[in-house]
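So the protein lines, in turn, are chains A and B.
To convert, note that position 66 of the first sequence is 66 in our numbering; the numbers rise steadily by one, no gaps.
To convert, note that position 164 of the second sequence is 164 in our numbering; the numbers rise steadily by one, no gaps.
I should point out that these hints are in silico values taken from the structure, not numbers from a laboratory.
Careful: at least some of the hints might be erroneous.
Here are the simulated EDC-like pairs of lysine to aspartate or glutamate, each with C-alpha atoms no more than 20 Å apart in a straight line [said to hold, decoys possible]:
{"no.": "1", "chain 1": "A", "residue 1": "K5", "chain 2": "B", "residue 2": "E21"}
{"no.": "2", "chain 1": "A", "residue 1": "K5", "chain 2": "A", "residue 2": "D49"}
{"no.": "3", "chain 1": "B", "residue 1": "K87", "chain 2": "A", "residue 2": "E62"}
{"no.": "4", "chain 1": "B", "residue 1": "K44", "chain 2": "A", "residue 2": "D64"}
{"no.": "5", "chain 1": "A", "residue 1": "K92", "chain 2": "B", "residue 2": "D17"}
{"no.": "6", "chain 1": "B", "residue 1": "K44", "chain 2": "A", "residue 2": "D49"}
{"no.": "7", "chain 1": "B", "residue 1": "K87", "chain 2": "B", "residue 2": "E21"}
{"no.": "8", "chain 1": "B", "residue 1": "K87", "chain 2": "B", "residue 2": "D17"}
{"no.": "9", "chain 1": "A", "residue 1": "K5", "chain 2": "A", "residue 2": "D61"}
{"no.": "10", "chain 1": "B", "residue 1": "K14", "chain 2": "A", "residue 2": "D64"}
Just so we're clear, the structure is a prediction, and the values are computed from it rather than from any experiment.
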Amino acid sequence: MKHLKLVLPMLAFVLAIGLSFAFVSEDEALVTGYYGPSGSRLPIQVDCDSGINECEIQFVDENDQPIGSPLLVYPDQTSMTPLPSPSEVPYKVH
Amino acid sequence: METTYPTPTSFWHKNKDIFIEIIAFFFILLFVYAAFNKLLDGHKFYDNIRNSPIMGGRTVASLASWFVPMAEIIIAFFISWRRTRIKGFYAALGLLLLFTTYVVGILFFSPYLPCSCGGVISQLTWNQHLIFNIVCILLAVWGIVLSYRPRKPNTIPEDTAPYEYQ
Chain A
1 MKHLKLVLPM LAFVLAIGLS FAFVSEDEAL VTGYYGPSGS RLPIQVDCDS GINECEIQFV
61 DENDQPIGSP LLVYPDQTSM TPLPSPSEVP YKVH
Chain B
1 METTYPTPTS FWHKNKDIFI EIIAFFFILL FVYAAFNKLL DGHKFYDNIR NSPIMGGRTV
61 ASLASWFVPM AEIIIAFFIS WRRTRIKGFY AALGLLLLFT TYVVGILFFS PYLPCSCGGV
121 ISQLTWNQHL IFNIVCILLA VWGIVLSYRP RKPNTIPEDT APYEYQ
């Protein structure tokens with residue numbers, strides 16, 4: 001029991017670090033959307049999987065000031081229907 | 001004159017060392033996993049707080065993205081050592097209460113529900129997160145209660161409480 005009390009916390013640390021490395025690349029909650037002019041859109045990870053609003057992003061600078069106007073995010077390069085979003089405000093991107 | 005106190009003989013008290021070890025193992029696993037997840041994917045955690053409907057703010061996001069994982073690792077270390085374990089349980093309880101307040105804020109006061117991004121636990125909805133947090137809070141309280149250690153029966157003065165912290 002004495003050895004176990006020493007080994008168990010160490011085991012928990014190792015297991016937790018291993019688990020976090022194993023799952024760190026999973027980005028299932030975010031989806032890949034595309035913004036910009038049709039045909040030459042750029043990909044971006046956004047929190048827009050469902051909702052009644054249109055998915056928008058707003059680029060901001062280091063002082064949190066908006067750069068340009070909000071941009072709609074689409075599911076692919078050519079679609080004209082933006083992704084749905086739960087948020088009424090644009091998703092801030094730095 | 002000295003008073004002797006009966007030794008608790010219930011199932012929980014007989015096996016309390018085992019239960020404390022299990023609770024400690026669970027919290028170390030939970031906090032270290034959560035901390036490394038945030039540190040390895042720091043920008044995502046920062047962006048989540050930055051875009052949070054009830055927190056936001058660049059300073060808050062910057063502070064939280066370092067403070068939260070560091071606090072989680074320190075608490076895990078505290079729980080690892082037997083001498084500091086009860087302090088670790090108290091700190092875990094405090095952090096869990098803070099996070100539960102945030103989840104309640106998201107669920108009941110937020111204009112919309114953001115994603116609950118972050119590792120395996122991201123699979124949970126906000127409601128499931130709230131239940132998970134409540135279970136963890138109860139577990140932390142149980143850990144604190146079990147960590148009370150009775151003094152040796154024949155060495156306790158009459159005017160002293162029967163139990164003290166470990």
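**Prompt:** Tell me, which hint numbers fail for this structure?
**Reply:** Going through the list in order, the structure violates hints 2, 3, 5, 9, 10 and respects the others.
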